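Residue numbers (the UniProt record's numbering), protein chains in the order written: chain W, 1 to 190; chain X, 1 to 190; chain B, 1 to 190; chain P, 1 to 190.
Honestly, I wouldn't trust all of these hints.
[As the list claims (entries may be wrong)] Computed cross-link-like contacts, SDA-like style, restricted to lysine to any residue with a CA-CA straight-line distance of at most 20 Å:
| no. | chain 1 | residue 1 | chain 2 | residue 2 |
| --- | --- | --- | --- | --- |
| 1 | W | Lys94 | X | Gly50 |
| 2 | P | Lys94 | P | Ala65 |
| 3 | B | Lys94 | P | Gly52 |
[Stated by the list, open to error] Far from chain X, some chain P residues (derived; all Cβ distances over 12 Å):
| no. | residue |
| --- | --- |
| 4 | Glu28 |
| 5 | Arg33 |
| 6 | Val66 |
| 7 | Glu93 |
| 8 | Arg180 |
If you're looking for bench data, these hints aren't it; they were derived computationally from the structure. Being a predicted model, the structure only gives us computed values, none of them experimental. All C-beta atoms in this analysis are idealised placements derived from N, C-alpha and C, irrespective of residue type, glycine included.
Single-letter residue listing:
Protein chains: 4
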Amino acid sequence: MSVRTPDPTPEPMPDDPSGGPAWLSDIELEQARGRLPILYVEAVPVRVDGIGQVVEVGVLLRANAVGEMTRTLVSGRVMRGETLREALFRHLEKDLGPMAFPQLPASPVPFHVAEYFPMPGITPFTDDRQHAVSLVYVVPVTGTCEPRQDALELTWMTPEEAASVTVSEEMEGGRGTLLRAALASVGRLL
Amino acid sequence: MSVRTPDPTPEPMPDDPSGGPAWLSDIELEQARGRLPILYVEAVPVRVDGIGQVVEVGVLLRANAVGEMTRTLVSGRVMRGETLREALFRHLEKDLGPMAFPQLPASPVPFHVAEYFPMPGITPFTDDRQHAVSLVYVVPVTGTCEPRQDALELTWMTPEEAASVTVSEEMEGGRGTLLRAALASVGRLL
Amino acid sequence: MSVRTPDPTPEPMPDDPSGGPAWLSDIELEQARGRLPILYVEAVPVRVDGIGQVVEVGVLLRANAVGEMTRTLVSGRVMRGETLREALFRHLEKDLGPMAFPQLPASPVPFHVAEYFPMPGITPFTDDRQHAVSLVYVVPVTGTCEPRQDALELTWMTPEEAASVTVSEEMEGGRGTLLRAALASVGRLL
Amino acid sequence: MSVRTPDPTPEPMPDDPSGGPAWLSDIELEQARGRLPILYVEAVPVRVDGIGQVVEVGVLLRANAVGEMTRTLVSGRVMRGETLREALFRHLEKDLGPMAFPQLPASPVPFHVAEYFPMPGITPFTDDRQHAVSLVYVVPVTGTCEPRQDALELTWMTPEEAASVTVSEEMEGGRGTLLRAALASVGRLL
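Chain W on its own, in the form it takes in the complex (with noise of 0.2 Å):
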């Protein structure tokens, strides 16, 4: 199975319409992955309760490059001059559309780094195409989620639903980990 960690094709920012040059053209693209590790922020986007404990977990449906089925996350690299934040939100309109509402934390410390490496082995997370560090954020969303892009459905499941094993394994690079370590981190991993 190809599992890679998305990277799109660039839209312009809202600050800097002509695209600018934080965007990497394929070949600078390339040449970095052979040289550095690369910086994603991902999000596990969540539905909660009046009192604000998690009832729902959003994964993304999406077909890969060779055309295969598979479940992800909300992700995406970290651009040159973009703070973290900004990078969070960039890719959660992306992923989710622009009336998801996501609540950013307040605190800018992840509840997990994960770190893919194209070998498996080292760490539970795989992406053949780089060696990726990834801040994780639990992001719970009040809107409308309507996936763009290439996502083509955004499913909604309960906390014991996305801890599955048979989750888990539909979830590309390893990511189901990551989920039942999102759910851990708010207290609904049983």
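Given the coordinates of chain W, work out where chains X, B and P should sit on it, guided by the hints.
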């Protein structure tokens, strides 16, 4: 200065209009304080911007038992049979009113555990009535705050003001230290 | 199954050989349990490799009040006048012996707050004697562990074994959930 | 003042004596810095007492590129193919010597994520060479520290000294803020 962890006159809980056995008489509470550490929850109310960054911090102004004005945080005892989330929500509503719309954290892990002792010097925190252990959370509020009960006013401050020596000296029980720890946990302490 | 948060016969504290007023008689403890949530600390003992990665997890084997064998964690009540660190150290020594050399965390913030209720279903954790709130820490130990008191044995397991359903079913009060949360917090839950 | 995130002349890694492709030439590093945020790890070395409480904080004294004396933390780049733990251990050894015996944290989650930008005002942290994102850890050291390379001295300070304005003003890149956040995370910032 008399410093105290607030424990106001009980109100009936929504799901137990009788007041119920969780409420202790003054004598029972006094006995318990002589025997055990008492569990509290505290909240630092904050305003956040569109990408979750803290822009303002709310501090309560209150007259203490001897009529002095002091500043404090949202704070109160956890009752027997009550979850931490329920206690946190109850005290937020008690201190900020029913229209504050607090966003309780998805994670039950506090940013800090404050240990209050009657005698100073053991920790930065004191409470002349008891040994209290308090789980402290940063809680964004999105609605309108109308302090109730014995609180006179909720003052919104910038992170810089909240961290100042002046504000610290007005806060009861060493909570200036707690306010700075809250700001540090959200990346807003200079 | 009778599940209980251990509260063994008190021993004199090093700095208070008389036993002192912090120790409660059985009747006083019973009264307190009828009135208030009781504060506990718990520890998941671990072995780490040269760069701090958890390689083994320690689980206690103990006979409970009705003579059944159950597994549990290092656990005990915080006494009045005692800091959380002192309580954690005392219970680690009580359960692992004086040569365990635990490395208590520099941060007082637990990786999890477990809420135990007498009735199941409110949280994953139950304690038929009381409402207990427990601050739970992962604690590397570097010495030799010799369980004392009522614990029969300390079993070292791999992270995979510790997370298994078999071990979970043997743990009292729902602590299998706590063990998985501990593993997730150190990046060792698959 | 020239402020910089240290990136000293590479030494061969134990498992790759050739230096290997993970090391970048000056030109390659310059190119990467023009395109991507660069990932760093940083450590605040501390001394702890017998129950894990921080009693002293270590700060490096170093001559910067223009010969000024500045204070800084243990810090360095994460290389391609290297785990965060390996990078943290490598930089601790580089800056504190081989006999420091650092106790790396069991959890890979940093207490803070510091974002360094070339231009001031975006965050409290600046680095005139690059956009760097740094995962920062508090690391107890139990051995003897002998700063190597370009560091002249490791100064042990009390928490009060480390949090002072005087020390803050001597620290490069805004790291006085980081030092205070470290102290707050271990309950030692007043």
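Now for the hints, and whether the structure bears them out:
Distance hint between Lys94(W) and Gly50(X) is fulfilled; the C-alpha atoms sit about 16 Å from each other, no more than 20 Å. Note on Lys94(P) and Ala65(P): the hinted pairing holds, with a Cα-Cα distance of about 19 Å set against a maximum of 20 Å. Under the criterion of a C-alpha separation no larger than 20 Å, the hint pairing Lys94(B) with Gly52(P) is consistent with the structure, at around 18 Å. For Glu28(P), the shortest C-beta to C-beta distance to chain X comes to about 31 Å, beyond the 12 Å cut-off, and the non-interface label holds.
Separation of Arg33(P) from chain X is adequate, the least Cβ-Cβ distance of about 23 Å exceeding the 12 Å criterion. Against chain X, the non-interface label of Val66(P) holds: every CB pair exceeds 12 Å, the least being about 25 Å. With a minimum CB-CB distance of about 28 Å to chain X, Glu93(P) clears the 12 Å threshold, and the non-interface call stands. At roughly 6 Å from the closest C-beta of chain X, the C-beta of Arg180(P) falls inside 12 Å, breaking its exclusion from the interface.
In the structure shown, a violation is registered for the earlier hint numbered 8 alone.
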